[in-house]
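Peer 1: Work out the full structure: start from the sequences and follow the hints.
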Amino acid sequence: MANPEIVIEGRSITRDYTMRTGVFSAPRVIHAVNGVDFAVERGKTLAIVGESGCGKSTLARIITLIDPATSGTLLIEGKPVDIGTQPMTKALRATVQIVFQNPYGSLNPRQKVGDVLMEPLLLNTDTPSAERRERAMAMLQKVGLKTEHFNRYPHMFSGGQRQRIAIARALMLNPRLLVLDEPVSALDLSVQAQVLNLLRDLQEEFNLTYVFISHDLSVVRYLADDVMVMLKGEVVERGSRDQVFSDPRHAYTQKLFAATPVTDVAAIRARVARRATMMQERV
Amino acid sequence: MAALLDIRNLTVAFDTAAGPFKAVDGIDITIDPREVLAIVGESGSGKSVAMLAVMGLLPNTAKVTADVMQFDGQDMLPMTDREKRQIIGREITMIFQEPMASLNPCYTVGFQIEEVLTRILGMSPRDARTRAIELFEAVGIPDPAERLGSYPHQMSGGQCQRVMIAIAIACNPKLLIADEPTTALDVTIQKQILDLLMDLQEKHGMGLIIITHDMGVVAETADRVVVQYQGKKMEEADVLSLFEAPKNAYTRALLSALPENATGSRLSTVSDFMAAHQGEGA
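Residue numbers (our numbering), protein chains in the order written: chain L, 1 to 283; chain G, 1001 to 1282.
Keep in mind that the hints were calculated from the coordinates and are not lab data.
Glycine residues also receive a C-beta, built at the ideal position from the N, C-alpha and C atoms.
Mixed in with the good hints there might be a few duds.
[Stated by the list, open to error] Listed below are several chain L residues computed to face chain G (Cβ distance under 10 Å; list not exhaustive):
(1) V191
(2) L196
(3) A258
(4) P261
(5) T263
Peer 2: Structural data, given as C-alpha cells:
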C-alpha cells in the first residue's frame, strides 16, 4: 500500500504543550499542531503557509525529527518513525535536514565554514578526513561559494552567503528531504532571488523533496507544487498551487490573499486614482 | 506650494580605519505637505541613516552635512539642539521597525503616552488620560481605557505598533517618518497597520515618509518614490511611473527580482542585471 514515491507522510499529527498557569489551577493544554495530515512526493515541494503562532514551525520540527509528535504517525518513505519511543539513528538523521530562517543565529560564530560543513559527516558517517574535506569543498562550490571561503568564519559573510552555507550544511548528508523554515524571509529582495534560484537548481540536480515553510505568498507561488494553509494548528486549506492561488476556498486563505500587497500596475493605478479623488474632496 | 521638508545634498559619513565611509552620499529629499513618500532600498542603502540624520538620532561619530535642510519654512541647519527639539518630537515624529523594542518594558503603555502629552504639550494628568484614551481609540486599540494599564509584553507586535503610532501622532505632527513599520509583522497585521497609517495621514493631512525594502508596501501606500542604492539616489518618480516604466537599471533589477514577476523558471537577480547594464543610469 505504501507508495514508494511518497517521501514523507503525516497522519493526524498532533503536538500539545502544557502550560502551568498557577499553583492550584489545572494546567492548560495548547494544541500547537492539531491533527494535521500531509504527504509529499519525491522531487516535489509542499509549502506550508500561515502566520506566527499557527504551528508551522512546530510542524517543521516534528518533520525534521527534532521534536516528537504527541500523537499521530509520521512515515518516512513508507516506514513509521517515532523518535519519542525509538532511538534516533544516524541513517534517519541523514534522511531529513533543515535550513532555518536566521542564518546569523544558525551558524556557530566560532566555527570555520569548512568545519561547519564537515561536522555532519564527522558525526553521522565514517567518512575519512580527506574525503570529508573534499566533499565539503565540492558542496561549497555547488552552492555558489568559492574554495577560498573554506577557512573563513561566519561573520565574514553577508546574510545571503550565510544562508548558502546553511543550505550546504543541510545537504552534506545527501538528505532526501529538506525542510526550509522561512529560508529567505530575513534576506533582501535581490539576495532572496539568488537563494530561491539556488534552491530550484539544487532540487532539480539532487531530486530533492522540499517542505517549504513561509508566510510570503509570492515566494510560495514561485516555488511550491502543493500548498497547505494553516491556522491555529489546523490545516484550513490544501491543494495544488494553481488551485489554491486561482480559487482560494477558505475565508482565512482569502484574507491572506487580500492582505498581500500587490505590485500590479493596474492595482496601483486604481489606488492612485482613488486617492486623487479623495484628496480633491478634502480640499 | 512650499515643500514641508526640503533637504539638498545630504551626506552622512562615518570615520573608519579605511577612511571616511559615506553611508549617505549627496541625497536630495523633498516632501510636500499631505504627501506620502516612500524611500526604498536594500540593507546598507542608507535609507534609514538619511532619516535618522534629519531626526538628529545618529551618534556623534556620524558627520552630517547638507546644503539645505528646511522644515516647514524654517532653516534647521543653524539651529541649536534646544531649538531643534521644538520641531523634532513635536512636528516631526518617527516610528521604528521593532515596536516591542521601541517601548520601555518597565512602564505601562499608558504612562508612556501620557508622558508625551504632559511633558511636551503641558497637559494636566487628567486631560492627558482622556486624550490618551482618544488616541488609543483613533489607532484602533480595543478597550482603550483598560489597555492603558498594560505593559508592552502583554500586547502583541501589532498592538505595540499601534501604541507607537498613537504616541507619534499625539502632538499632531506635520510629518511622520515610519522606518520599516511593518517588517516585523504578519501580513494581515501589516495590512491593518498600513491602512491605519494611510487613514491617519488623510485625516490629519500629515506628510508621511515610509522607509521600506518591500516593493509591495510601496505599491500600496506611496504617492512618490525615491529609490536608494549604496547611499545614492537612483531614481525618483511618482509611484505609477516607477512601476510602469522604471527608468533606472537598478529599479528595473529590483522589480524583476520580485517572485511575482518571475519569467519562466528563473528569477533575475540584481547582480545579473547590474552586470548586463553596466554604465547605464547607475
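Peer 1: Going through the earlier hints one by one, which of them does the structure break, listed in rising order?
Peer 2: No numbers; nothing is violated.
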